[in-house]
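Start from the sequences and build out the full structure, keeping to the hints where you can.
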Amino acid sequence: MPEKIPKINTVIDTPSRIGECPVWSAEEQALYWVDILEPAIHRLEFATGARTHWRMPSAIGSFGLREQGGAVVALRTGFHLFDFATGSLQFLLDPEAEQTENRFNDGKVSPDGRFFAGTMHDVPDRQPVAALYRLDPD
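Take the sequence shown: its letter number 44 is residue 43 in numbering that gives the first Met the number 0, and every next letter is one higher.
Check the hints yourself; a few may be wrong.
To be verified - Using 20 Å as the maximum straight-line C-alpha spacing, the simulated SDA-like pairs for lysine to any residue come out as follows: (1) Lys6 / Pro21; (2) Lys107 / Tyr132; (3) Lys107 / Leu131; (4) Lys107 / Leu80; (5) Lys107 / Thr47; (6) Lys107 / Gly77; (7) Lys107 / Asp82; (8) Lys107 / Thr76; (9) Lys107 / Leu36; (10) Lys107 / Asp93; (11) Lys107 / Lys6; (12) Lys107 / Pro21; (13) Lys107 / Gly117; (14) Lys107 / Leu43; (15) Lys107 / Ala129; (16) Lys107 / Pro94; (17) Lys107 / Gly18; (18) Lys107 / Arg125; (19) Lys107 / Leu64; (20) Lys107 / Ala39; (21) Lys107 / Arg75; (22) Lys107 / Glu95; (23) Lys107 / Leu88; (24) Lys107 / Gln67; (25) Lys107 / Ala58; (26) Lys107 / Glu66; (27) Lys107 / Asp135.
What the hints assert, rightly or not - Derived CB-CB ranges, DEER-like: (28) Ser109 / Glu19: 16 to 24 Å; (29) Gly18 / Leu91: 45 to 53 Å; (30) Glu97 / Val10: 33 to 41 Å; (31) Lys6 / Pro127: 35 to 43 Å; (32) Lys3 / Gln98: 40 to 48 Å; (33) Lys3 / Phe90: 45 to 53 Å; (34) Glu100 / Pro5: 19 to 27 Å.
Just so you know, the hints here were simulated from the structure itself, not pulled from any lab data.
We put the beta carbon where it would ideally sit given N, CA and C, even for glycine.
Here it is, written out as structure tokens:
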């Protein structure tokens, strides 16, 4: 019997330069994702189709939703806390401030609430100078 081919659907047709880091909020029934190079966090509310986006000041690699609201974001400039209601960013730290050619890339929240994010050497001739970081919850 031939294997059934899964159906693939476009969730939202939105122009992105690099769309990554999909994060589902079960509580909100909403999908979040980032556009790394047109730095923004995007949100799609499934029940209404409402779309929202928040511009970021520099390339965003990833983010994670926080239990108490808002998000932790990994920007080119380091880790920040983001408030969706006000659009404000609070700088936490930049573990690679001296690595000016690096930026944060992919990241995820673990089941225990820790945010893991990796960096990458963001130049054409990439070198092995990146790292993986863990940010513990409040």
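Hint-by-hint comparison with the structure:
1. Lys6 / Pro21: At roughly 19 Å apart (the allowed maximum being 20 Å), Pro21 and Lys6 satisfy the hint.
2. Lys107 / Tyr132: Between Lys107 and Tyr132 the Cα gap is close to 11 Å, so the pair holds against 20 Å.
3. Lys107 / Leu131: The hint holds at about 11 Å.
4. Lys107 / Leu80: Distance ~15 Å between Lys107 and Leu80 Cα, so the pair holds.
5. Lys107 / Thr47: violated, 27 Å
6. Lys107 / Gly77: holds, 15 Å
7. Lys107 / Asp82: holds, 18 Å
8. Lys107 / Thr76: holds, 18 Å
9. Lys107 / Leu36: holds, 19 Å
10. Lys107 / Asp93: holds, 17 Å
11. Lys107 / Lys6: violated, 26 Å
12. Lys107 / Pro21: holds, 10 Å
13. Lys107 / Gly117: holds, 10 Å
14. Lys107 / Leu43: holds, 19 Å
15. Lys107 / Ala129: holds, 17 Å
16. Lys107 / Pro94: holds, 17 Å
17. Lys107 / Gly18: holds, 15 Å
18. Lys107 / Arg125: violated, 23 Å
19. Lys107 / Leu64: holds, 9 Å
20. Lys107 / Ala39: holds, 17 Å
21. Lys107 / Arg75: Holds, at about 16 Å.
22. Lys107 / Glu95: holds, 19 Å
23. Lys107 / Leu88: Holds - the C-alpha atoms of Leu88 and Lys107 are around 19 Å apart, at most 20 Å.
24. Lys107 / Gln67: Status holds; Cα separation ~17 Å.
25. Lys107 / Ala58: holds, 17 Å
26. Lys107 / Glu66: Holds, because 14 Å separates the two Cα atoms, which is no more than 20 Å.
27. Lys107 / Asp135: holds, 12 Å
28. Ser109 / Glu19: 16 to 24 Å: The hinted range 16 to 24 Å holds for Ser109 and Glu19, with Cβ atoms some 18 Å apart.
29. Gly18 / Leu91: 45 to 53 Å: The hint (45 to 53 Å, Cβ to Cβ) is violated, given that Gly18 and Leu91 are roughly 25 Å apart.
30. Glu97 / Val10: 33 to 41 Å: Cβ of Glu97 to Cβ of Val10: about 39 Å, so the range 33 to 41 Å holds.
31. Lys6 / Pro127: 35 to 43 Å: Given range 35 to 43 Å: holds, Cβ gap about 40 Å.
32. Lys3 / Gln98: 40 to 48 Å: holds, 47 Å
33. Lys3 / Phe90: 45 to 53 Å: Since the Cβ atoms of Lys3 and Phe90 sit about 49 Å apart, the hinted range of 45 to 53 Å holds.
34. Glu100 / Pro5: 19 to 27 Å: violated, 39 Å
In summary, the numbered hints that this structure violates are 5, 11, 18, 29 and 34.
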